[in-house]
Amino acid sequence: MSLAGRTLAAGGVVLDLGGTASAGAGALADLALTHLAVGQGLATKPADLVDAAVAALGDRPLSGLVLHDLVDRSTDPETLLSLLQSLSVSHGGVPLILTVRNVTHYDVAVKALFGAWDVTDQGLLDAGCPASYGIDRLSALTASTGWTPLSEADYTRFASDQAFPAAHVALQRDTTLADYLRPLRERAGPGAEATHFVRAFLPRAGAPAASSPGAAPFLTVLARTQGRRLESLQEVLLCLLAQTDPDFEVLLLLHDVTPDGAGHIRYLVDVMPEEFRERVRLVNVNGGGRCRPLNAGLAEARGDYLAVLDDDDLVFAHWVETFHSLARRHSGRVLRAGVSEQHVAEGVLLGRAGHAPESRTETPYPLQFDLFEHIHENRTPPCGIGLPRRAFRDAAVSWDDKLPVLEDWDVLLQLAMLCGVSNSEEVTSIYRRWNVGDSSTTVHGEDEWQLARQAVITRLDRHASLIPRGGLSALRALVEQAAQAEAVAKLRARQLTLLDADLREVARGREEQLDAARGLHVELAGRDTHIRQLTAHIHHLDAVLTREREERSAEQAQPVTARGREEEFEAVRQEFRSSTSWKITAPLRTVVNLTRRR
Amino acid sequence: MTDTTAGLRVRVQSVLYGNSWESTRRFTASLERALAESVRQGVIGEASVIFGDSSGLPCLHPSKRDEVEGMLGTTVTSFDYDFFGANLGSAAGHNRLMATSDAELLLIINPDTVAGPTLLSELLLPLSEPLVGAVEARQLPLEHPKPYDHRTGETPWVTTACTLFRRRVVDEVGMFDADSFFLYCDDVDYSWRIRLSGHKLVFQPAARVFHDKRVDGGGHMRVGDTEVYYSAEAALMMMHKYSRPDLVERTLEGYLLAEEDRPLEAKAAHAFLARRSAGTLPAPIDPDHTVSEFVDGHYAVHRF
Numbered sequence: 001m002s003l004a005g006r007t008l009a010a011g012g013v014v015l016d017l018g019g020t021a022s023a024g025a026g027a028l029a030d031l032a033l034t035h036l037a038v039g040q041g042l043a044t045k046p047a048d049l050v051d052a053a054v055a056a057l058g059d060r061p062l063s064g065l066v067l068h069d070l071v072d073r074s075t076d077p078e079t080l081l082s083l084l085q086s087l088s089v090s091h092g093g094v095p096l097i098l099t100v101r102n103v104t105h106y107d108v109a110v111k112a113l114f115g116a117w118d119v120t121d122q123g124l125l126d127a128g129c130p131a132s133y134g135i136d137r138l139s140a141l142t143a144s145t146g147w148t149p150l151s152e153a154d155y156t157r158f159a160s161d162q163a164f165p166a167a168h169v170a171l172q173r174d175t176t177l178a179d180y181l182r183p184l185r186e187r188a189g190p191g192a193e194a195t196h197f198v199r200a201f202l203p204r205a206g207a208p209a210a211s212s213p214g215a216a217p218f219l220t221v222l223a224r225t226q227g228r229r230l231e232s233l234q235e236v237l238l239c240l241l242a243q244t245d246p247d248f249e250v251l252l253l254l255h256d257v258t259p260d261g262a263g264h265i266r267y268l269v270d271v272m273p274e275e276f277r278e279r280v281r282l283v284n285v286n287g288g289g290r291c292r293p294l295n296a297g298l299a300e301a302r303g304d305y306l307a308v309l310d311d312d313d314l315v316f317a318h319w320v321e322t323f324h325s326l327a328r329r330h331s332g333r334v335l336r337a338g339v340s341e342q343h344v345a346e347g348v349l350l351g352r353a354g355h356a357p358e359s360r361t362e363t364p365y366p367l368q369f370d371l372f373e374h375i376h377e378n379r380t381p382p383c384g385i386g387l388p389r390r391a392f393r394d395a396a397v398s399w400d401d402k403l404p405v406l407e408d409w410d411v412l413l414q415l416a417m418l419c420g421v422s423n424s425e426e427v428t429s430i431y432r433r434w435n436v437g438d439s440s441t442t443v444h445g446e447d448e449w450q451l452a453r454q455a456v457i458t459r460l461d462r463h464a465s466l467i468p469r470g471g472l473s474a475l476r477a478l479v480e481q482a483a484q485a486e487a488v489a490k491l492r493a494r495q496l497t498l499l500d501a502d503l504r505e506v507a508r509g510r511e512e513q514l515d516a517a518r519g520l521h522v523e524l525a526g527r528d529t530h531i532r533q534l535t536a537h538i539h540h541l542d543a544v545l546t547r548e549r550e551e552r553s554a555e556q557a558q559p560v561t562a563r564g565r566e567e568e569f570e571a572v573r574q575e576f577r578s579s580t581s582w583k584i585t586a587p588l589r590t591v592v593n594l595t596r597r598r
Numbered sequence: 001m002t003d004t005t006a007g008l009r010v011r012v013q014s015v016l017y018g019n020s021w022e023s024t025r026r027f028t029a030s031l032e033r034a035l036a037e038s039v040r041q042g043v044i045g046e047a048s049v050i051f052g053d054s055s056g057l058p059c060l061h062p063s064k065r066d067e068v069e070g071m072l073g074t075t076v077t078s079f080d081y082d083f084f085g086a087n088l089g090s091a092a093g094h095n096r097l098m099a100t101s102d103a104e105l106l107l108i109i110n111p112d113t114v115a116g117p118t119l120l121s122e123l124l125l126p127l128s129e130p131l132v133g134a135v136e137a138r139q140l141p142l143e144h145p146k147p148y149d150h151r152t153g154e155t156p157w158v159t160t161a162c163t164l165f166r167r168r169v170v171d172e173v174g175m176f177d178a179d180s181f182f183l184y185c186d187d188v189d190y191s192w193r194i195r196l197s198g199h200k201l202v203f204q205p206a207a208r209v210f211h212d213k214r215v216d217g218g219g220h221m222r223v224g225d226t227e228v229y230y231s232a233e234a235a236l237m238m239m240h241k242y243s244r245p246d247l248v249e250r251t252l253e254g255y256l257l258a259e260e261d262r263p264l265e266a267k268a269a270h271a272f273l274a275r276r277s278a279g280t281l282p283a284p285i286d287p288d289h290t291v292s293e294f295v296d297g298h299y300a301v302h303r304f
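In order, the protein sequences belong to chains B and A. Anchor point for the first sequence: position 576 equals 576 in our numbering, and the numbering is continuous, going up by one each time. Anchor point for the second sequence: position 203 equals 203 in our numbering, and the numbering is continuous, going up by one each time.
Isolated chain B, as found in the complex (with noise of 0.2 Å):
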């Protein structure tokens, strides 16, 4: 009723082919609608019925036609839609409206994988409904029939009538199953919870387009460009130039591009060998950020597989032919080749602004492919790539605008999961690093890049994701290793803090025994000063001896007295040799009688 509201001129009559009287008359006529149900329940040839609505309609004026359910029960509804088409010319080009069963709804396509096919009495799998619908069926039938879209108003439901088992693991909401498959098929196409497509159509005036002619290419070569590096455009051109396999497009992309620029770039197109130039094609992309004009090449590509080359990138002669070799091997995967690396600098030349080499070839990137290890960090420039096109219509996906930097990384892992990757060591192209002048390394900062990063995993992260074969080893290994890195490191930390203790105590040591020195330093000056003292006291006693023996011989004629005096001195004197400061000063005499000698 909505979408009859929306789309249905008031006033006239609303033609139900296959309707019931009663139904929507009521919400028709608040639209200033008259509903005339025609040919229910009538087994009709497409002819029949829609003579008979006609007949029904009479003179009236008609607002518009409605198939409910009809389509899928139809035997013919080529015929049916065809005739409706015509009648609806004939009446000014109404719009049409019709209801179709959609199987596929994830519920059917999910236990579809599962091998199961459940026919019911009525619902999504009607048994009475001899044709099943999706979409691109839908579409298709209609536009062959002359309709053209109009509106939709699809009449979804989470859990359809389909939804049993009610506890199948795909069915459930929260297995991680289901939280792979679901999103999976969300991105898929429209339908992934509409139980009926509700869709209005109008008659479309003239043919419908024609398909692109020619067999598709292998690849679509996405060279994208903003204009300024025009020297280095031309390089890239003629690389693809000597490409030693032919099967392969080149969209230039020319992003906000000056009209002067893409004459210049159109004059390196126009003067190359007609059979290269029949093969590219120029698009003019303007505005947004890097990914407008690979989603604008995406759009408009033929090839089986995309492979995305900046106007500074070389490849070598067997970059197609290498990609296609690996393309035939697994068909459907993401394919990568090696790529080298050079560092590269601007500057005038002769008198002209050009560029130049400033290292050889090197090969920093790995050789082999490992998922793991680019879930960490992207460690394949784009030049390295070719993405399976068909996958990005399949899992809706496409380079995101919001990132400033790493689109290449967000779309590589989306599909290295989905879709697997075939190797090949063989290096086929050259990743250019600008010593001077501008790239995104530095045009953005550590920032912009580090929220580019987390913002590519948190998508990544929002649903269940797939591992290849051999990945849970692979995982196992990772974690084995980084358990082994935990100990190790616990146990460096154990024996740092063991050595710590010791050097402390070490340290602890060593004071003590400074300090013991210190008071042994202390002690030995006492000592010194002592043994000084002592000295100075025996020589002034030998003094004093050797006076009084002068003076006893000049006092002959008094010997009492100077008996008795020298009795009493030499008593004072045999006293002080026998005490201990005389025995301990011994070696220091010595020495200063030697000294005195000398």
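Hints are not guaranteed to be accurate.
As the list claims (entries may be wrong) - Taking CB as the label site, the calculated pair distances span:
(1) A:L273 / B:V488: 54 to 60 Å
(2) A:G73 / B:T458: 57 to 63 Å
(3) A:W21 / B:S151: 32 to 38 Å
(4) A:M175 / B:G289: 55 to 61 Å
(5) B:G289 / A:S197: 54 to 60 Å
(6) A:L247 / B:Q481: 34 to 40 Å
I should point out that these hints are in silico values taken from the structure, not numbers from a laboratory. Predicted model only: the values in this text are computed from it and were never measured. For each residue, glycine too, the CB sits at the ideal point set by N, CA and C.
With chain B's structure known, arrange chain A on it following the hints.
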């Protein structure tokens, strides 16, 4: 005073050796465009092309020769094909082709290349200076690391992978030394002889040619056994011819000592010694080392 090339004739010569038809077709188509563009710009008068063929059997079937001629069309005044019937090597092969024309400009180019559309018009620019004897193109994707002056383009030697020569300089200097060089270094020798005659050599980075070379997993250019042998043989010859007997002896000793690990170099050493015994080595030149330079196995100080 400057020279003009307008109105001059260009002779393009290339020596095939087992090249596939697809490769030859790509080369021819690109060559036609480069010649057509320079004619359109009026920087040359007319062009002619000759392919020599050193293969055991002709690379080009008569129908393919017709196809090449058809591809070159009216862009060239003539297309010739000369099947040598023997592998003459690079020097002798080019000598034989050089003798077939007196065009004022001579473009020597490898058949495993693809010419950029502006190749010839860019090569012609430095020839406005009369002293310039030859102009070399930039090879992609692997540019040669030999040095050149960023202001003047002057370079110590040019490679015949793609170089445009002034014919009067060729006449003055003479042919390639095919007696001394079979493959490799015939161009280095020729370059130094041009310099000894007082002319300059220029590297023109804006003149682009794609040369199908590839790298290994370490990023080093892949080199086959033929290149290893003939480069070693040529290296000894260069050292001898350019008056470096010290280097000759040192290199011979090195090659012979490492015979087990490097048999090809050792074979080249034996071949040199045999020629020395037979007295068939060329007379040494450049005794004062005016132009010759030997640095770490190269003939100039490499940029990287």
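Structure-based check of all given hints:
1. A:L273 / B:V488: 54 to 60 Å: Distance hint for L273 (chain A), V488 (chain B) holds at roughly 59 Å.
2. A:G73 / B:T458: 57 to 63 Å: Given range 57 to 63 Å: holds, Cβ gap about 59 Å.
3. A:W21 / B:S151: 32 to 38 Å: violated (58 Å)
4. A:M175 / B:G289: 55 to 61 Å: Taking Cβ atoms as reference, M175 (chain A) and G289 (chain B) lie about 59 Å apart, which means the hint holds.
5. B:G289 / A:S197: 54 to 60 Å: Holds - the Cβ-Cβ distance for G289 (chain B) and S197 (chain A), about 57 Å, lies within 54 to 60 Å.
6. A:L247 / B:Q481: 34 to 40 Å: violated (51 Å)
Consistency note: the structure conflicts with the earlier hints numbered 3, 6.
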